[in-house]
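First to last, the protein sequences are chains A and B.
Going letter by letter, the first sequence gives residues 87 to 366 in the numbering used here.
Going letter by letter, the second sequence gives residues 245 to 537 in the numbering used here.
Think of the hints as simulated: they come from the structure by calculation, not from any bench.
All values reported here derive from a predicted model rather than from experimental measurement.
C-beta atoms are modelled at their ideal positions from N, C-alpha and C, and glycine is treated no differently.
Treat the hints with care, since some could be wrong.
[What the hints assert, rightly or not] Simulated restraints on C-beta separations: (1) A/LEU278 x B/VAL279: 36 to 44 angstroms; (2) B/SER293 x A/GLN322: 31 to 39 angstroms; (3) A/ILE172 x B/CYS438: 47 to 55 angstroms; (4) A/ALA100 x B/GLY485: 33 to 41 angstroms; (5) B/ASP309 x A/LEU222: 45 to 53 angstroms; (6) A/ILE121 x B/GLN431: 27 to 35 angstroms; (7) B/LEU272 x A/MET164: 25 to 33 angstroms.
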Amino acid sequence: MKKIQIWDHVILLAGVFFMVTPVVLTLMTSTHDAITVYKEGVQFLPGGKFLENYETVLFQAGGFTKEVDGFVMLKNSMILGFGFAIGKIIISMLAAYAIVYFRFPMASLCFWVIFATLLLPLEVRILPSYEIVQSLGMVNTYSGLIVPLIASATGTFFFRQFFMSVPEELLEAARIDGAGPWKFFKDILVPLSQTMIAAIFIIMFVYGWNQYLWPTLITTDESLFTLVRGIKQILQVWVGAQIPAFNEAMALAILAIVPPVLIVVVFQSWFVKGLVESDK
Amino acid sequence: MKKVQFQSRWLPYLLLLPQLAIVTIFFLWPAAEAVRSSFYLEDPFGFGSTFVGLDNFTDTVTSTDYGRVARFTAVFTFFVTFLSLGIALLLAVKADKVLRGASSYKTLLMWVYAVAPPVAGLIGVLLFDQHVGPIVDFFAMFGWKMQIGVDYFDTSFAMIVTSVWKQIPVNFIFFLSGLQGISKSVQEAASIDCRSGLRRFWTVTFPLLAPTGFFLLIINITYAFFDTFGIVDVIVKNEPGNNPVTLVYKVYLDGFRGNDLGGSSAQSVILMAMVFILTIIQFRLIERRVHYT
């Protein structure tokens, strides 16, 4: 029995090695100077340039127009992550509330129109979406960046599933006590949904933070770049240089990785629950 | 729907208004536009367009370039899906079994979920770099001189490895929760009846995991088709040239770089049809899943 368990651990450790090593090497490489990395290859141990490299990346403007530094990109990523997650939660909770708790004509039509969006990811309708956002004058704005991403109904679907599982008696009791739709929503449904809201917030924040294609198209003004959007510039300016500045490129990659990973690891149980249950 | 419901003439519409407005402007309209322009030949400088019927579709499907990209996408999807599902299943089974350190393993194996695909691509670019990459050094010991961005096969290899790495956590989380959902009494009964652990896995655990597996299969195919855009874009370093790219990447290339609006829209419509079929299958599977549990 004991021998078998040892093999289980060996396999798991190999898996952990495969998953963790790439990011560890990225972190190590980001703490050396460019010449060392260029001469000796990817570094396996920490170097002495940690503070220097991260200071350069965060506060020294880079890119083509020398307008944007890592700090601005970090701020934009935060705006995209939070804006997307909060906007999506509010809009989808209201819509799910209407669909589950109200009787009105055309309810099922509204339901199908909203859920049709689950069928087609943004990537397949990217060109017309871009043209429409452009014609609305929303290129290079935060709203142009965030609002079209909210169009998919994933959040509404999660909340609908959750509201359906809330016991009917709650609504009956609330109505007997004379509570109207708004009071029921505010005082009963929202408090009940807290865990669900937290779980969806984590998933949506990570999803928004990690967006790449849409920001690449919609933001051409460098002051609106997010960290993930900035990868394209990293490739051209730093990795494409005569002596590639892998150290600084990797420092920026680490900056883009840390916030979403922290959220997922710290709120792990909510996140796993939300991910697994929402997809049922 | 609930049996007890509120009655109000205008409130439900007011609640639905933001969602419906966004869906109409940023979903229905572009989707309709994609279908419409797939039947037109658009002037690249914006001077009107002519109706060409199904020409865009026939041109697309018969072009050699499209065939090559479609074949690569199929091979890529196959390897990404099966490798990430296989590795994740193995790790989930082991993580479910061990007594010591189970929660540490769980955390260490799932946090890569939060890494963005293009960032994963950038890490891939570093590790597979011809001058500094340790993976290239490693394979050079066996006489394989990798040239990412130059050699078609080597570039595909790097893309597949990076995409698998990025996708393992999701599969791991779902498989592990599926395994933990199998009741202890079933497992105990099985272990009394059958001594061989491997056989027990294939005859009892695996069939019970099948609904999760089917569901993940669809998720993974969708991932390999669409979400790997960032990985592909970063690994080909924005210069596709002769490098392998996926179908979604080609939609982007033809539409935004090649200015071939009609052709790009026709490709979009073909992809829409594929996703549509996949989603229908997924919904039916979800219904089956609910019946099982």
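Hints, one by one, checked against the model:
Look at A/LEU278 against B/VAL279: about 41 angstroms separates their beta carbons, and that is inside 36 to 44 angstroms. A beta carbon spacing of about 34 angstroms between B/SER293 and A/GLN322 agrees with the range 31 to 39 angstroms that was offered as a hint. Separated by about 52 angstroms at the C-beta atoms, A/ILE172 and B/CYS438 satisfy the suggested range of 47 to 55 angstroms. The hinted window of 33 to 41 angstroms between A/ALA100 and B/GLY485 holds, with their beta carbons roughly 36 angstroms apart.
At about 34 angstroms, the beta-carbon gap between B/ASP309 and A/LEU222 misses the expected band of 45 to 53 angstroms. In this structure the supplied range 27 to 35 angstroms is violated for A/ILE121 paired with B/GLN431, their Cβ-Cβ distance being about 57 angstroms. For B/LEU272 and A/MET164, the hinted distance range of 25 to 33 angstroms is satisfied, since their beta carbons lie about 31 angstroms from each other.
When each numbered hint is compared with the structure, violations occur for hints 5 and 6.
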